[in-house]
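The listed protein sequences correspond, in order, to chains A and B. Per the numbering used here, the very first residue in the first sequence carries number 17; after that it's consecutive. Per the numbering used here, the very first residue in the second sequence carries number 2; after that it's consecutive.
The reader is advised that the hints may include incorrect statements.
Stated by the list, open to error - What the simulated footprint calls covered on chain A by chain B, stretch by stretch (three residues with Cβ under 8 Å from a Cβ of chain B suffice, anywhere in the stretch; the number is not a length):
1) 45-53
2) 72-84
3) 112-120
Calculated directly from the structure, the hints in this document are not laboratory data. We treat Cβ as the ideally placed atom computed from N, Cα and C, and that holds for glycine.
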Amino acid sequence: MRGKALSQVDAAGSVIRQDGAKTVVELHGDWTVETIGSTDADLRRVEETTAPGDIVIDLTHLGRVDTAGAFIIGRVTRRCGEPDGDFHFIGDHPTARRLIEEVRARTTVCSEEAPPTFGFGKALARIGAGLEAMAREILDTLGFLGRTMITGVTSLFVPSRLRLTPTIWAMEEVGVNAMPIIATLSFFIGAVVAYMGANLLQSLGFSVFTVELVGIAVLREFGVLITAIMLAGRSDSAFTAQIGAMKMQQEVDAMRVLGLDPFEVLVLPRVIACTLMAPLLTFGAMISGVFGGMLVAWSAQDISPSLFITRFHEQLDWSHFLVGMSKAPVFGLVVAIIGCRQGMQVGGDVESLGRRVTASVVQSIFAVIVLEALFAMLYLELGI
Amino acid sequence: MTQDALISVRDLRTAFGPHVIHENLDLDIRRGEILGLVGGSGTGKTVLLNTILGLKQPDGGDVFFEGHRYGGLSVAERRKVNSRWGVLFQNGALFTSLTVRENVMAPLREHVSMPPALMEEIAGMKIGLAGLSPEAADRYPSELSGGMRKRAALARALALDPDILFLDEPTAGLDPIGAAAFDSLILELSQALGLTVLMITHDLDSLHAICDRVAVLADKKVEAVAPIEALMRNPHPWIQEYFHGPRGRAALAGQGG
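Next up, chain B with everything else stripped away, as it sits in the complex (with noise of 0.2 Å):
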């Protein structure tokens, strides 16, 4: 195991029934860095990401973080690295019963002690933060557009100013300038912050831009891992194709590379 390793992911097996979704899979995630996760729609990035949150069971293999068997923590140190843990979920997943600002509140109430005109400051620090507007805060998740609901639950993943941030398609459904913002965003974030990201991701601009390092999901494994330009120059057929294919090609036309 790398030292520098935040999370490592060794020897992981998931399987749906006689459905082999992941087998033998290793991953680390070093601190500091942004890593890309991509692979082709049905290879398992979702679960792959709830294995690591302890979502879901592994059914083989462990994760680590920090070198701790994440299996073998106590409930209470459990919900230490949890307060550590940012995570957007691809449909936001905010609580529908709440207002934005609320939302955000949520894991304050839960994790930490403090006046209630403070957290709602930092609440409101937060929603600033993630790029919405003040009018946005006693808004319900209902009433906002697909952009506002991800940029409301990145205020909440960032509520606890998190280590590691996870981003479950961060920027789909978003137009590209709304895309490119979020990205820029979470660059920002991610150099200010000192954060660790890993990031779900279909959309090449964002990979390109942003990801320190690209880890490729292909035939139940990570097939490689590395920066995007070393990553675009693997033989293997999948990773031709997503990359210089012509969605991969423009994409890197618009980089100017």
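Isolated chain A (complex conformation) (with noise of 0.2 Å):
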């Protein structure tokens, strides 16, 4: 019986034989939860075509049962409108019974899930839900946007409410611990860029215009875009993540509970570190993108250092480096926001922080690279 070492379990099984006008199922062997799966087309065939009056079964050869087991058993006869009379029953069994009729008593019939449909007319709905979703998403963002604000101009005439700890722990955080990696990554683009000139400027005989490629591309955009994408990778899925948990285990409930606005609390010092550290990493990108191509300059092109230095300063226009500064703290400020947001969006559920952490790294990207575009056509009509 139960307790006896698992290893130890027989096979179930059925014989379906015809007594007069009953039909006997005898049952053998062991009916567990791990054995039944077998039985279960036998069985369904034995309730869909006997009356279920007619239906006995013999426990006689009847081994272990689980409730998976008694189930089984009892649902032969469910049909019945008396599905455990005795009438149902030859043998005896310790527990057989007593289980059937228990497990019976308190089975509850699960609805059907809905089959999924599918057709034109849905693809259609999915679209328009789509864009539906895209629209309000966009208007909730300005919406956080526009409440960041005013708690920002708010704590601006109450400087004692703005959380200096919590922005410093947050610039330390978005901004000294990303140098490294920015720095890095920058490092390399300019040197790509300087490559990829050199080849097609040296065959023109300009070799030394790789200053002002690498000067232009590394300012205006690159210093500023590998910072903002670094950016939306690094510190706006954190941001995502940190306030996503801190929603679930009802933190933040807490927090409006004891009179704290998380937008205080929470967002302000965030977004305040971020828009404040792009431009400081944003500098530190383009010098190291410059570094990169002018040592690409000098191994590939023997454009020497001091060479490239005082072409740089001689060709390049101040211009180009501040339309760069100027996207930085934008940047930081939508990646920030985006972050925030999605954060405070997290349900309870795991799952909504894994959708919400996504959804705020792809916006946030999305947006900075829609913002890049409007900056290139603004600058263009401006005539810097």
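Once you've looked at the hints, go ahead and assemble the two chains, each given alone in its own frame, into the complex.
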């Protein structure tokens, strides 16, 4: 019986024979959750093809039985008006009858899951829902930006409400700790730009223009873009995960109840840190990128560093640097806003945390690239 | 080692760094009994449970399952042993990305081969067995109340028809009516299915109502294991305080004893 070492389970089997008008189902072996899988089809056939009142279950040879076994045995007679009547059973078993009744009394019939539907209309509906969700996201993000701004302006007038320690902590996390990886990436981007230009310019005899190429590309675009994308991948996802985990543990609710404004405590420090650190990181990225380009120019095209730097000073306008730097705080702000907003959207389950972190990174990179394009158009029109 | 012990813990030592939690701890869980485990906060009840379950390596001593040292079992044997255990964790530990029905089906899918339709039927049966309504089956854990979550977790613990059920504070956070219903459900199930139950609880009513024996964790070991009436006569100060403090007396009065 129960408690027998698990390796000694006999396979469940059934022999079905006709005895006059009755259909007798003879049960053999152990009927437990591990063994009953193979008997399902046979018993279903008996249940469906025999008049419910004519089914007799022979328990004589039945071994162990557990609730799953009791369920499947009891299922055979469930369509009968008196499913546990004595006329359904022959043979003795110490626990089977009781277990079958117990299980039947407690079984609930679960509703069938609705089958998934497909079709053209469905596809259109999904596209529509997707577009609507996107519009809503943009609106909500703008609303979140507005609310953060108001909180920020309020704490300008009441500086004591600005959380200095979390802000500094976030600055270290977002800025100082991100510097090495951003500098490294930017170094390689600068080097790659120099290499790309090197071949073409050399064949035209203008290899010295590599300096302008590297300078303009890194100062105007790549320095700030690398920074923004790294912020999106590194800090934005961390913001969403941190705030989201706090949301899941009801920490955010606890703050509200204690009279703390989550925007003031959680969002504003991160937004300020990100907005302030983005230009500094961008500056670091620019230096590192130009340095990478300079090394390549030196090694591949014999442009000495002193020549590189002199030409860099003479030929490049300050405007390129300023254009790049002007974009940095905007990107930092956008990335922080999206990260914090998605964090606040996390619900009670782990899955929503994962979904929100993904959405946060995708949205912030998307926003950075779109803004980058808008900036390019803007500065083109302004002639800078 | 007594013959009828299903699980035996011998000379267990648990320490987190210099902080020793268990020292020379012995415990036997007998076949078919409902054993309550009580102890003050921080005496390592959940740690002891995790050690018995093999989730935590003991720092000394052994856990025996039907006389076999748990640590000496092969991976396949361990899997078999695990399939005979049902565990209800303190917070339910349901998989949040699955519905209740899918949660109950998860151990079935893993350990048993049977047609999916039958699996769904059995999952539905277990959900009913745990006292949940059918509508709860297609909901996600985050949409359930605390009591329903406990019941859903119990349904999952019962999925494989375990021989042993481990319950970590099953009635904590339930209202008294819900807690009493949960107690009688466990008692009923253990009688109907011949379950062995190890139950960590602070609920004195549960101890009185359903536990055959109660083990007390104090002074880093199991201070006493006895039926509750015998335990109440135990002179150990913590046990006296526990059972004869205001709450202990109230629970006793409620039992009519």
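Here is how each hint holds up against the structure:
{"no.": "1", "hint": "45-53", "in the structure": "holds (count 5)"}
{"no.": "2", "hint": "72-84", "in the structure": "holds (count 3)"}
{"no.": "3", "hint": "112-120", "in the structure": "holds (count 4)"}
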